[in-house]
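I would like the entire structure built from these sequences, with the hints used as guidance.
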Amino acid sequence: MLIYPDEYRLNPNDGYPQNKDFLVTRQEDGKGAGVYAKKSLKRGEFVARITGNIVPNIAQHTLQMTPTTHLHDPYFTGYLLHSCAPNIFLDMTEFEIWALRDIEVGQALTMDYASTEDVLFKQFPCLCGTPNCRFWITGRKEMVNAEGLRVISEQLEALGRDSSEIVTMDCA
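Going by the UniProt record's numbering, the residue at position 3 of the sequence shown is 3; the numbering climbs one at a time, nothing skipped.
Don't read these hints as lab results, they were simulated from the structure.
Please note: incorrect hints may appear among the correct ones.
As the list claims (entries may be wrong) - Okay, derived cross-link-like pairs now, BS3-like style, lysine-lysine, Cα gap no bigger than 27 Å in a straight line:
1. Lys122 / Lys141
2. Lys38 / Lys20
3. Lys20 / Lys39
4. Lys42 / Lys20
See below:
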């Protein structure tokens, strides 16, 4: 059974995500909803084809296609979690997801939101915990806001690093 609703009239053999392969659910640790693998995926493997409605404005659960068009997918891609060290790549030209590294059963599918978005619907603190965590998530073309500067400074100080590093951090 496909994750997308029947009215989308999609062929399950075309690579669209199915309930047998993925679980879309809520997490209990404050990271929000997520998509989890029910099967192992290998690095370089095709993960799924995506779809949705083309909309002119950025909103929650949209992915940027061009500066003036977004894909609204409230069923699958809208629930992919962010990571500064993602395990998937979204090809917004072909509407496909590919594994960047091996993904085990039960692992969340994660993407770097800055890889598709010029500007986020809303900036937010990063909870990914990876060694290269940026601590605050923005789109690739937007500056960190005042709240983000405060969060980054606090995180750097907690790690014993100089908060002057903020000006040299790459946000994309």
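Here's how the hints hold up against the structure:
About 13 Å separates the Cα atoms of lysine 122 and lysine 141, which keeps this hinted pair within 27 Å; it holds. Under the criterion of a C-alpha separation no larger than 27 Å, the hint pairing lysine 38 with lysine 20 is consistent with the structure, at around 7 Å. Pair hint lysine 20 plus lysine 39 holds up; C-alpha atoms about 8 Å apart against a cutoff of 27 Å. Only pairs whose Cα atoms come within 27 Å are accepted, and lysine 42 paired with lysine 20 is accepted, the gap being roughly 17 Å.
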